[in-house]
Amino acid sequence: MPTAVLTDRERTAVQAYLRLLHTVRAAFDTPSASPDTPGPPLVPPAVLAEAETALARAGLAGNEAEFFRMLRDWRRAEP
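Here the numbering used here is used: the first residue of the sequence shown is 1, the next is one more, and so on.
Just so you know, the hints here were simulated from the structure itself, not pulled from any lab data.
Hints should not be assumed to be uniformly reliable.
[What the hints assert, rightly or not] Now the in silico label distances, taken between C-beta atoms and shown as ranges:
| no. | residue 1 | residue 2 | range |
| --- | --- | --- | --- |
| 1 | Asp29 | Thr7 | 18 to 26 Å |
| 2 | Leu18 | Pro45 | 15 to 23 Å |
| 3 | Val5 | Phe28 | 31 to 39 Å |
| 4 | Glu66 | Asp29 | 24 to 32 Å |
| 5 | Gly59 | Asp29 | 14 to 22 Å |
| 6 | Ala65 | Arg19 | 16 to 24 Å |
| 7 | Gly59 | Phe28 | 27 to 35 Å |
| 8 | Asp73 | Arg19 | 16 to 24 Å |
| 9 | Asp29 | Val5 | 20 to 28 Å |
| 10 | Val5 | Pro45 | 19 to 27 Å |
| 11 | Ala65 | Val5 | 29 to 37 Å |
| 12 | Ala65 | Asp29 | 25 to 33 Å |
| 13 | Val5 | Ala26 | 14 to 22 Å |
| 14 | Arg9 | Asp29 | 15 to 23 Å |
The beta carbon of each residue, even a glycine, is placed where N, CA and C say it ideally should be.
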C-alpha cells in the first residue's frame, strides 16, 4: 500500500492526537489524588483544545476514517 506524504497540518494533527493519547494514558495510570475523588485526574483542557484545533485546521474534524488511516501510516513510519 503506497503511503502519501502528510501535509504540515496533517502531521501537526497526528502529533497533537498522539500527545493527547499519551496524556490520557498517563492520566489513567495516575492514581486519584484523594480517596474521595474516584477515577483518574482530568486531562488538561489545553491538550484537548490543541488536538481539536489541529484536527480542524487539517480538515480532519468529522473525518475519522481518513484521520485514523493517516495515524496508522504515521505510526508504521516511526523508528
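Taking each numbered hint in turn, which are not upheld by the structure, reported in ascending numerical order?
-> Going through the list in order, the structure violates hints 1, 5, 9, 10, 11, 13, 14 and respects the others.
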